[in-house]
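Top to bottom, those sequences are chains A and B. Throughout the first sequence, residue numbering follows the numbering used here, covering 1 to 384 in sequence. Throughout the second sequence, residue numbering follows the numbering used here, covering 385 to 664 in sequence.
There may be inaccurate statements among the hints.
[Stated by the list, open to error] Simulated coverage check for chain A against chain B, where a stretch passes if three residues somewhere in it have a Cβ under 8 Å from a Cβ of chain B:
hint, region
1, 119-132
2, 143-157
[As the list claims (entries may be wrong)] Not close to chain B: a few residues of chain A, all C-beta gaps over 10 Å, as computed:
hint, residue
3, Glu96
4, Thr99
5, Met101
6, Ser105
7, Gln160
8, Arg168
9, Lys172
10, Gln193
11, Lys231
12, Pro240
13, Trp298
14, Gly317
15, Asp343
16, Pro352
17, Lys369
18, Asp375
[Unchecked claim] So the derived label-pair ranges between C-beta atoms look like this:
hint, chain 1, residue 1, chain 2, residue 2, range
19, A, Phe196, B, Ser664, 19 to 25 Å
20, B, Gly546, A, Glu96, 27 to 33 Å
21, B, Phe483, A, Asp137, 36 to 42 Å
22, B, Arg478, A, Lys34, 15 to 21 Å
Quick caveat, the hints were computed from the structure, so don't treat them as lab data. Ideal Cβ placement from N, Cα and C applies to all residues, glycine included.
What follows is the residue order along each chain.
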Amino acid sequence: MVGQQATGVQDISETPWLDKDADSLVRIKGITKKFGEFTAVNNVDLDIYQGELFCLLGGSGCGKTTLLRMLAGFETPTSGSILIDGIDMSEVPPYERPTNMMFQSYALFPHMTVEKNIAFGLKQDKLPNSEIDDRIDGILKLVELQDYKKRRPQQLSGGQRQRVALARALVKEPKLLLLDEPLAALDKKLRKQTQFELANIQEQVGITFVVVTHDQEEAMTLSSRIAVMDKGEFVQTGTPTEIYEFPDSRFIADFIGSANILDGQIVKDGTDHVRVSTELGEIYIDHGQSIKEGSPVWVAIRPEKIHLSKNAPKKSGPNQAVGMVDDIGYLGNTSIYKIRLADDRIIDVTAPNQIRPKNRTHLITWEDKIYLHWDASSAMLLNK
Amino acid sequence: MNRNRSRFLSIMLTVGLIFLYVPMILLVIYSFNFSKLVPVWGGWSTRWYSVLFQSEDVWSAVLLSLKIAVINATFATLLGTLAGLAMVRFGRFRLRTLFGSMLVAPLVMPEIITGLSLLVFFISLKQLIGWPTERGFTTITIAHITFSLAYVAVIIQARLTGMDQNLEEAALDLGAKPFKVLTAITLPRLAPGMVAGWLLAFTLSLDDLVIASFVTGPGANTLPILIFSRIRLGLRPDINALATIIILFVAICVAIAALIMFRQQRRQELDEAIAAREMS
Ligand SMILES: Nc1ncnc2c1ncn2[C@@H]1O[C@H](COP(=O)(O)OP(=O)(O)O)[C@@H](O)[C@H]1O
Ligand SMILES: [Mg+2]
């Protein structure tokens with residue numbers, strides 16, 4: 001039942017958001033939501049395409065749930081409009097929208113069994129009983145809960161409740177599935193495992209998902225695209241790679257992953273590169289927007305993109321620095337090195353674990369003098 | 385020291401229980417007294433029970449009280465549930481705070497005042513529209529509904545506030561229209577609160593003497609009114625018998641309620657045990 005739709009989406013390009021002619025499934029135009037004087041969502045524009053797994057990522061209270069609830073029809077936008085499949089949703093009540101929602105609290109009906117919970121939505125559509133039964137069997141198989149039909153929600157573990165909630169929302173095969181922090185209530189190990197399951201299920205059913213999360217790792221693993229929200233606004237929208245590798249603001253560089261952020265000034269803005277003078281010496285970046293020479297900017301470098309060496313470089317040049325190992329954090333698979341520069345500035349560097357019992361001599365250790373260098377493509381230029 | 389403390393506590397508990405129950409036990413014993421004079425023991429007998437069962441005005445008072453209590457409980461539950469729903473679910477409508485405090489005012493209003501004001505109300509109503517023509521069953525029932533619905537509304541409000549509001553939204557989201565959400569989700573979730581409210585309204589009505597005395601008319605005696613008017617002429621053994629029957633009735637109700645609560649708790653514990661097994 002549910003799997004059939006998957007075939008329909010294969011001919012759609014992998015990156016419909018780059019295609020100017022592609023029709024979006026959801027079009028959000030200038031949407032704003034105020035609660036009294038407080039603006040929870042501020043003038044947001046967004047297109048979401050069929051088959052996407054779109055993440056809304058942001059800290060607590062930044063308006064993610066409010067945006068999702070406007071899509072579901074539980075909150076009325078103060079201004080702006082939402083179109084789903086080209087139809088304006090402003091006059092459409094929640095029970096007539098082609099969307100289903102999985103609530104953060106799961107909101108399973110406590111006085112109904114798993115089976116009745118899932119059947120509830122299908123019964124509202126007046127489907128014949130035989131079809132309802134088939135669909136329930138299909139969806140329970142998908143979430144691997146075939147043997148739990150007769151249980152009540154109170155008799156299930158957290159992970160099982162989560163899957164019932166997912167099944168109940170999926171079984172109506174909505175055009176758009178809205179998930180509010182679907183994994184937040186699970187413990188860490190289960191959450192990791194369920195992330196992949198969720199992505200797999202989405203791929204199998206081919207339904208467009210909008211997932212709200214405050215966990216950036218979750219957003220990175222799951223999504224086709226991410227919109228990072230802050231104080232009710234979209235800060236940046238893009239694929240996980242775009243957002244990680246090409247953050248367009250200081251906020252994003254800092255919020256997603258970790259980064260060493262340096263103040264700098266444009267020295268030269270060439271056609272295929274820029275040169276920036278910073279506390280770390282001159283930095284040469286072989287990509288970047290065109291920025292007026294002399295204007296103040298920031299340069300961000302991810303800790304894993306900096307290479308450490310105990311030997312001095314053969315020739316001096318840009319993208320190099322020297323410091324002393326101030327501290328080492330051992331994380332098992334990787335280690336974090338805190339490198340203290342001459343001006344007492346600390347630069348974070350991560351490197352894969354290199355401890356090998358046989359050649360300890362190569363180990364970088366406390367108080368070592370150490371040389372840093374990075375590729376011309378590794379530094380990120382930020383001007384806001 | 386600890387032992388002293390626990391001894392002190394158990395003594396206090398015993399004293400408290402004695403204060404509570406000795407009067408009732410005495411009442412039950414004296415209801416089986418043969419003697420016509422209550423304080424004089426004349427040997428065991430059930431003669432006052434037969435006197436009671438033959439007394440027609442006692443029967444009619446019992447019937448009147450039960451009739452009023454059932455009608456009151458039913459209407460108070462309906463109206464109180466609606467009021468509770470309005471308070472919790474319909475968001476911030478105009479005058480909501482005023483409505484909310486007016487709704488609970490009867491809980492703290494002295495009964496004398498409630499009774500008096502209702503009497504004034506019925507009398508002026510009669511002058512205005514000629515109804516109610518005579519005071520009695522109708523006026524007592526209306527009076528009881530007005531104050532019991534406040535209690536029901538409070539119970540329902542508490543239950544609604546404790547209920548996950550997302551349940552109703554989830555039902556809407558799954559395609560149920562608002563009325564369907566009310567009948568399929570909200571009301572089933574409220575059912576225990578409504579049962580509790582019904583029972584409370586029923587008891588409040590059965591128990592009420594003050595308000596009923598104000599708004600009753602000639603010939604309409606509820607059970608409390610009957611008992612009180614008879615006792616005023618001196619203690620009577622047949623009233624002791626009546627009181628004993630009421631105690632028995634209440635005891636049975638309490639036992640049933642305790643059993644239901646016990647079974648609910650058992651079920652919850654079982655559910656938790658099953659869920660815990662699923663975790664591992
Ligand atoms: N019904 C409401 N009334 C008033 N304020 C609200 C309401 N719903 C949400 N808010 C406020 O809007 C902000 C955003 O809330 P929400 O969308 O739930 O954030 P998030 O899901 O990103 O944590 C919060 O500051 C919250 O207090
Ligand atoms: Mg939220």
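Interface exclusion of A/Glu96 relative to chain B, criterion Cβ beyond 10 Å: violated, 8 Å
Satisfaction of the hinted span 15 to 21 Å by the C-beta atoms belonging to B/Arg478 and A/Lys34: holds, 20 Å
Non-interface claim for A/Met101, where every Cβ of chain B lies beyond 10 Å: Non-interface label fails for A/Met101: nearest chain B Cβ at 5 Å, not farther than 10 Å.
Minimum Cβ-Cβ distance from A/Lys231 to chain B exceeds 10 Å: Consistent with the label, A/Lys231 stays out of reach of chain B, its closest Cβ about 25 Å off (over 10 Å).
No chain B beta carbon within 10 Å of A/Lys369's: The assertion about A/Lys369 holds, with a minimum of 52 Å to chain B.
Reported absence of A/Gln160 from the contact zone with chain B (all CB gaps over 10 Å): violated, 6 Å
Outside-interface status for A/Pro352 - nearest CB in chain B farther than 10 Å: The claim stands: A/Pro352 keeps its Cβ more than 10 Å from every Cβ of chain B (closest is about 35 Å).
Range hint compliance [Cβ, B/Phe483 to A/Asp137, 36 to 42 Å]: violated, 49 Å
Minimum Cβ distance from A/Gln193 to chain B greater than 10 Å, as the annotation requires: holds, 14 Å
Distance rule for A/Asp343, whose beta carbon must clear each one in chain B by more than 10 Å: At about 53 Å from chain B, A/Asp343 clears the 10 Å cut-off, so the statement holds.
Whether A/Ser105 stays farther than 10 Å from all C-beta atoms of chain B, as the label says: violated, 5 Å
Distance restraint hint 19 to 25 Å, applied to the beta-carbon atoms of A/Phe196 and B/Ser664: Holds - the Cβ-Cβ distance for A/Phe196 and B/Ser664, about 22 Å, lies within 19 to 25 Å.
Violation of the numbered hints given earlier is confined to hints 3, 4, 5, 6, 7, 8, 9 and 21; the remaining hints are satisfied by the structure.
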